[in-house]
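Peer 1: Going down the list, the protein sequences come from chains A and B.
For the first sequence, the positions run 16 to 392 when this note's numbering is used.
For the second sequence, the positions run 16 to 392 when this note's numbering is used.
Derived by calculation from the structure, the hints in this document are not laboratory data.
Accuracy of the hints is not assured; some may be wrong.
Given that identical chains are not distinguished, each listed pair holds provided it fits within a single copy or across any two copies.
To be verified - With a Cα cut of at most 30 Å, we get these calculated BS3-like pairs of lysine-lysine:
#1 K306 <-> K381
#2 K122 <-> K166
#3 K306 <-> K97
#4 K212 <-> K122
#5 K122 <-> K339
#6 K339 <-> K97
2 protein chains.
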Amino acid sequence: MVPAFSFRLHRRDGVARLGEIETPHGRVRTPAFMPIGTQATVKGMYPDEVRATGADIVLANTYHLMLRPGPERIAALGGLHKFMNWPHPILTDSGGFQVMSLAALRKISDEGVTFRSHLDGTMYELTPERAIEIQLLLGADIVMQLDECVKLPATESELARGVRLSLAWAERCRRAFERAPPGRALFGIVQGGDDDKRRQQSARSLVAMGFDGYAIGGLAVGEPQDVMLRILDEVAPLLPERAPHYLMGVGTPDDLIEAVARGIDMFDCVLPTRNGRHGLAFSRFGPVNLKNARHADDPRPLDDASACPATRDYSRAYLHHLVKANEMLGAMLLTAINLAYYQELMSGMRTAIAAGRFEAFRAETKEGWARGDIPPP
Amino acid sequence: MVPAFSFRLHRRDGVARLGEIETPHGRVRTPAFMPIGTQATVKGMYPDEVRATGADIVLANTYHLMLRPGPERIAALGGLHKFMNWPHPILTDSGGFQVMSLAALRKISDEGVTFRSHLDGTMYELTPERAIEIQLLLGADIVMQLDECVKLPATESELARGVRLSLAWAERCRRAFERAPPGRALFGIVQGGDDDKRRQQSARSLVAMGFDGYAIGGLAVGEPQDVMLRILDEVAPLLPERAPHYLMGVGTPDDLIEAVARGIDMFDCVLPTRNGRHGLAFSRFGPVNLKNARHADDPRPLDDASACPATRDYSRAYLHHLVKANEMLGAMLLTAINLAYYQELMSGMRTAIAAGRFEAFRAETKEGWARGDIPPP
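With the hints as extra help, turn the sequences into a complete structure.
Peer 2: Structure, rendered in structure tokens:
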């Protein structure tokens with residue numbers, strides 16, 4: 016018997032929430048950070064290594080997988096979990112965001128989006144119905160509605176269309192999702208840019224339709240952090256307490272703490288993986304740039320108190336050498352280091368909320384970042 | 016008490032030899048294949064993963080490490096074993112081969128080689144004495160003499176100079192190596208191109224000087240396999256039975272079997288790692304090109320009878336997808352698959368020699384390759 020999607024809220028500490036999502040492929044402890052597995056792989060990581068960092072769930076990108084290798088092919092091969100050797104929960108996005116940022120010749124209508132593949136120029140159509148169909152072919156545990164994500168700053172009419180289209184498509188996704196196998200979840204996405212009123216309208220309308228979870232999209236798209244946090248202050252209280260709240264595409268470690276403090280339960284972001292590939296480590300001491308020559312002769316690991324072997328068992332001098340020499344192992348180690356740090360941060364927040372000391376954890380963690388990196392020996 | 020270098024010959028089966036090298040960092044079972052860790056990392060592999068494929072020893076490149084991060088720096092950081100987190104045996108080459116193939120403005124004299132770094136244009140000098148000094152700074156268990164490796168086809172005077180310089184430098188390396196810490200080994204290198212007489216002269220002169228082991232260099236540099244095997248037939252019988260015989264820079268799985276059949280004990284080659292990064296797998300079925308579209312829908316692993324998780328736990332369809340999408344995990348998995356196959360082949364040869372059935376193993380293995388890949392489902 017496959018478990019169905021459910022969300023249990025264990026505890027609140029201020030506005031911060033401790034919970035647990037059940038899915039057909041297992042449990043997700045919240046607040047949760049989802050590593051990005053764009054093309055059915057978290058770049059530079061073996062799946063069991065991703066798991067070992069503490070990740071309960073990964074995100075895969077519908078846009079990339081619909082172009083290559085194709086959702087029908089993945090379905091015929093037994094679904095995405097089997098394909099990428101990740102038997103744990105998977106959330107797929109709807110493809111909308113990447114169509115806007117990657118595809119050429121895109122054209123939006125009420126019906127959906129047509130676009131040209133950035134790989135081979137083939138024309139595709141992505142409608143709300145097809146977005147759901149693809150995600151069900153992939154076998155996602157958590158499916159996202161197709162939405163229109165507007166870049167900021169945006170005009171009034173752009174914001175208005177983003178909200179209108181996203182709500183219309185939300186309803187069509189809901190109907191299309193009625194064919195889903197039992198236990199899967201569909202999340203709606205709040206849009207509205209940096210406009211409080213539109214955000215409220217979007218959130219209230221989605222809640223009235225009823226979804227398994229609620230995402231806040233269209234943030235971390237160019238606006239300052241204080242604008243993002245103001246929107247969270249407005250929107251999160253409008254979302255049902257008994258459903259997970261997911262802030263899409265966010266963010267820095269500081270963003271994560273501040274968003275959890277405002278009632279967010281789920282996150283995804285390319286920062287830990289992408290920055291790792293570019294020589295930047297996240298740590299208790301704040302960001303550390305391994306390209307910097309000060310590491311060249313430093314025999315100490317990045318953080319000898321870490322539970323992550325990549326963080327603890329290789330010297331800064333070696334990491335610096337690998338990054339300078341553009342060696343794959345540098346990207347592999349720093350990706351592992353960053354995902355482990357992100358998961359350590361989430362785990363720290365969960366433990367703190369459980370103990371009713373989230374505010375103290377938030378302050379201690381920020382003090383650690385503010386002190387900066389340990390000085391050279 | 017650190018064990019000193021030694022070689023024990025356990026058994027002969029025809030001309031094939033089963034043995035064991037002891038080094039300050041542990042044991043090497045022979046015949047042995049050494050993965051290449053050019054810049055202090057086997058590209059795309061964690062060190063413990065390299066070990067798990069069955070590798071007893073890796074090769075690191077003096078040329079690359081002398082340019083970046085520099086041997087004095089590695090020595091100050093505790094040596095190459097610690098730097099690259101590989102506590103097992105390491106052999107370093109002398110740098111001569113890469114100077115010839117990579118560096119610009121190289122100039123050879125009796126004294127040594129001067130060249131311009133391919134990284135930043137700095138001028139360097141590599142003499143026999145400096146080549147030994149660098150390898151001892153790195154902390155190599157097995158140190159190679161500086162030699163001149165001549166590309167084939169070569170003129171008479173090029174071949175003559177290669178032998179003359181290599182022998183003169185062998186003697187200077189021997190003297191410089193007298194300062195080595197106890198237990199390390201120095202190998203001489205036979206040169207002479209495709210000229211049997213010069214090869215014999217080179218081998219006899221080196222044996223008269225006396226080295227811990229003997230390498231055959233200047234092969235697999237453009238000549239057909241039968242020329243290489245003819246040289247092995249000439250040279251290997253001239254080498255002391257009680258020392259390891261190392262064929263440098265070789266080769267394909269077939270080269271390895273044919274060379275072991277001629278009394279070779281050690282090999283290194285970029286083929287399994289480099290080809291892995293380019294989508295080519297070595298297997299019991301011969302080479303398999305994962306770029307080929309016939310794998311796109313194939314749910315079967317590369318070889319479900321393999322002991323290697325990378326070979327057994329991922330579908331051909333997924334490997335094909337990763338290679339086409341240029342994902343790091345594709346290069347990681349195929350490098351692991353290839354190193355595991357090379358080690359499986361060496362292990363198979365060792366077991367066969369121990370059982371006195373090397374000829375049968377050689378025939379069975381070649382039959383497997385000749386049958387080709389398993390047909391699509």
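Peer 1: For K122 vs K166, is the C-alpha pair at or below 30 Å within one copy, between two copies, both, or neither?
Peer 2: For K122 and K166, only the intra-copy Cα distance (16 Å) is at most 30 Å; the inter-copy one is 58 Å.
Peer 1: How would you label the pair K306, K97 (within, between, both, or neither) given a Cα cut-off of 30 Å?
Peer 2: between (37 Å within a copy, 21 Å between copies)
Peer 1: Between the shortest in-copy and the shortest cross-copy C-alpha distance, which are at most 30 Å for K306 and K381: within, between, both, or neither?
Peer 2: Intra 24 Å, inter 47 Å, cutoff 30 Å: intra-copy only.
Peer 1: Could you figure out if K339 and K97 sit no more than 30 Å apart (CA to CA) within one copy, between two copies, both or neither?
Peer 2: Intra 36 Å, inter 19 Å, cutoff 30 Å: inter-copy only.
Peer 1: Since the copies are identical, ignore which copy is meant and state whether K122 and K339 lie within 30 Å (CA to CA) inside a copy, between copies, both or neither.
Peer 2: Classified as between: cross-chain Cα gap 28 Å, same-chain 42 Å, threshold 30 Å.
Peer 1: Could you figure out if K212 and K122 sit no more than 30 Å apart (CA to CA) within one copy, between two copies, both or neither?
Peer 2: Answer is within; shortest intra-copy Cα gap is 27 Å, inter-copy 74 Å.
In summary, the structure agrees with every hint in the numbered list given earlier.
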